[in-house]
Amino acid sequence: MTDWQPSSRELERRRVRQSLATRSVLIATVLTVAVFVLVGAVVVSSPGWDTVKATFFDWQIAQDTFPDILDGFWLNVKLFMICEVFILVLGLAVALARVSRSPWLTPVRIVAVLYTDLFRGVPTVLLVLLLGFGVPALQLQGLTNDRYFWAGVALVLSYGAYVAEVYRSGIDSIHPSQIASAQALGLSRPQALRHVVVPQAVRRVVPPLLNDFISLQKDTALISVVGVFDAVFTARDSTGYLFNYTPYVVVAVMFIVITIPLARFTDWLGRRMMRRERAGAR
Amino acid sequence: MTALLEVANLRKSYGDRVVLDDVSLTVQPHDVICLIGSSGSGKSTLLRCLNLLEDIDDGVITFDGREISDPRVDARQVRSRIGMVFQAYNLFPHLSVLDNCTLAPRKVHGVRRGDAEARALSLLEKFGLADHARKHPDQLSGGQQQRAALVRALCTSPTLLLLDEITAALDPELVGEVLSIVRAEAEAGMTMVIATHEMAFARDVATSVCFLDNGRILEQGPPAEIFSAPREERTREFLRRVLPGGGE
Numbered sequence: 000m001t002d003w004q005p006s007s008r009e010l011e012r013r014r015v016r017q018s019l020a021t022r023s024v025l026i027a028t029v030l031t032v033a034v035f036v037l038v039g040a041v042v043v044s045s046p047g048w049d050t051v052k053a054t055f056f057d058w059q060i061a062q063d064t065f066p067d068i069l070d071g072f073w074l075n076v077k078l079f080m081i082c083e084v085f086i087l088v089l090g091l092a093v094a095l096a097r098v099s100r101s102p103w104l105t106p107v108r109i110v111a112v113l114y115t116d117l118f119r120g121v122p123t124v125l126l127v128l129l130l131g132f133g134v135p136a137l138q139l140q141g142l143t144n145d146r147y148f149w150a151g152v153a154l155v156l157s158y159g160a161y162v163a164e165v166y167r168s169g170i171d172s173i174h175p176s177q178i179a180s181a182q183a184l185g186l187s188r189p190q191a192l193r194h195v196v197v198p199q200a201v202r203r204v205v206p207p208l209l210n211d212f213i214s215l216q217k218d219t220a221l222i223s224v225v226g227v228f229d230a231v232f233t234a235r236d237s238t239g240y241l242f243n244y245t246p247y248v249v250v251a252v253m254f255i256v257i258t259i260p261l262a263r264f265t266d267w268l269g270r271r272m273m274r275r276e277r278a279g280a281r
Numbered sequence: 000m001t002a003l004l005e006v007a008n009l010r011k012s013y014g015d016r017v018v019l020d021d022v023s024l025t026v027q028p029h030d031v032i033c034l035i036g037s038s039g040s041g042k043s044t045l046l047r048c049l050n051l052l053e054d055i056d057d058g059v060i061t062f063d064g065r066e067i068s069d070p071r072v073d074a075r076q077v078r079s080r081i082g083m084v085f086q087a088y089n090l091f092p093h094l095s096v097l098d099n100c101t102l103a104p105r106k107v108h109g110v111r112r113g114d115a116e117a118r119a120l121s122l123l124e125k126f127g128l129a130d131h132a133r134k135h136p137d138q139l140s141g142g143q144q145q146r147a148a149l150v151r152a153l154c155t156s157p158t159l160l161l162l163d164e165i166t167a168a169l170d171p172e173l174v175g176e177v178l179s180i181v182r183a184e185a186e187a188g189m190t191m192v193i194a195t196h197e198m199a200f201a202r203d204v205a206t207s208v209c210f211l212d213n214g215r216i217l218e219q220g221p222p223a224e225i226f227s228a229p230r231e232e233r234t235r236e237f238l239r240r241v242l243p244g245g246g247e
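Chains as they are written, first to last, in numbering that gives the first Met the number 0: chain A, 0 to 281; chain B, 0 to 247.
These are computed hints drawn from the structure, not numbers from a lab.
Heads up, the beta-carbon is just placed ideally off N, CA and C, and yes, glycines get one too.
Misleading hints may appear alongside valid ones.
To be verified - A short, non-exhaustive set of chain B residues, derived as facing chain A with CB atoms under 10 angstroms:
| id | residue |
| --- | --- |
| 1 | Ser12 |
| 2 | Asp69 |
| 3 | Arg71 |
| 4 | Asp73 |
| 5 | Gln76 |
To be verified - Below, a sample of chain A positions facing chain B; criterion: calculated Cβ distance under 8 angstroms:
| id | residue |
| --- | --- |
| 6 | Ser6 |
| 7 | Glu9 |
| 8 | Val15 |
Just chain A, same shape as in the assembly:
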């Protein structure tokens, strides 16, 4: 087996494959450059470009407002990181409640259904407004009046409902034969869910979950509606007295800078999963 040498036909074939691959790369490169140059040219040559450049892309203003916006942005990032943990737990709990069969859990199941229906139906921005201004107005003892806190709760409730449905679709997508074979081994239904179904389901829904998190990263900007000095509120403040929109662009760039790594990570995770679970099965 070690004495095999590729035949001349095979060497010729490799050359052809190589040149086909080179051609693909060439087409991709030329096309990409052409498209970007064209888009750039159209934007720059538009009649209003000079005005837009002055009001949206003022380098000096960007530099001046950057530190304050960055301080505000830290609030967004913190909120995102804290909320994410709670959303994952809440979502899974609600999804499990919805797929449970036990008669004892019927009230929980009904609450779970009502919760997902209600909180997916209310626009997130309204939820932030209602909780951010409403709960402090109740003047309840022992509850914080911090609007930042209540805005975070609103995001958790809203995204928890979405994430619950993502989990549930993952659980439903696992073939019933998996539960059957787990039960055949003597596992109870909760055990089958815990050890067989949910691990597979979670793997399957990682891409849509991360998709929701990218969306959440951006939606932390909604807390600006209750007057928390996050990146967006700070930027709006600056645009008010500078009469220049550059601070908004600064905020946009900040959000892009943190979402792109997550998006790439999502892609990478999806590809790795595909390679592992479908090795050789085509």
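We have chain A already, so just place chain B on it with the hints.
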């Protein structure tokens, strides 16, 4: 008569593992070639190479006088003339049996829906599946599903049919109903390459039997010769294991 399919010095490896080593095979029109050998001997990989589902590492595959192992060949065009049936049926679960059967004729061969359905229904009827045409594959038994998969492959009137251990997932009762279709096709003159563990069937239907061992065709000949007077010791050993009381 020129060969329909000619494989010369085919080599396929996955990394360091050589799966097919210097395999040569000639298939004349109306031939029924049965590939036998233990699991992992390369039968399935050979079939997948013939259908261009795998890139080969060396050798030449010629189909109908044209080299199809050339990277510039349009694989879709080749596959549109070759039918393939898999061990796990691989029917599309979201389509009815009838839609499974008419998908390729309509989308690849440009047949109108009415004509495609008429042909599919007549084939389904012929193989006892007329009642199941509107059902989804999951509602059918394994044998019915595999028969439907065979009909799906036949609907495009392929020049060559590749069958990859199509009865391996079926219980013995259901094997017969699937093999009877294959037998009927063989009698009708269909050219086939079949990877199989059904020795009795191979002896009965094959025009030629190939024994694969470790990625090589160790022995090839008419079934009478292979099954009653194999030349190679490895072939004898294999047949002793799969045919209790058979072989030598």
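Hint by hint, here is what the structure shows:
Interface restraint check: Ser12 (chain B) against chain A, minimum CB-CB distance 9 angstroms, threshold 10 angstroms, status holds. Taking 10 angstroms as the C-beta cut-off, the interface hint given for Asp69 (chain B) holds, the closest approach to chain A being about 7 angstroms. Annotation: interface hint on Arg71 (chain B) holds; nearest CB of chain A at approximately 6 angstroms, less than 10 angstroms. Violation of the interface hint for Asp73 (chain B) is found here, the shortest Cβ-Cβ separation to chain A being roughly 12 angstroms, above the 10 angstroms cut-off.
Violation of the interface hint for Gln76 (chain B) is found here, the shortest Cβ-Cβ separation to chain A being roughly 16 angstroms, above the 10 angstroms cut-off. Taken as an interface hint, Ser6 (chain A) checks out: its beta carbon lies about 6 angstroms from the nearest beta carbon of chain B, inside 8 angstroms. A cut of 8 angstroms between beta carbons decides the hint on Glu9 (chain A): the least distance to chain B is about 4 angstroms, and the hint holds. Because the closest C-beta pair between Val15 (chain A) and chain B is about 5 angstroms apart, less than 8 angstroms, the hint holds.
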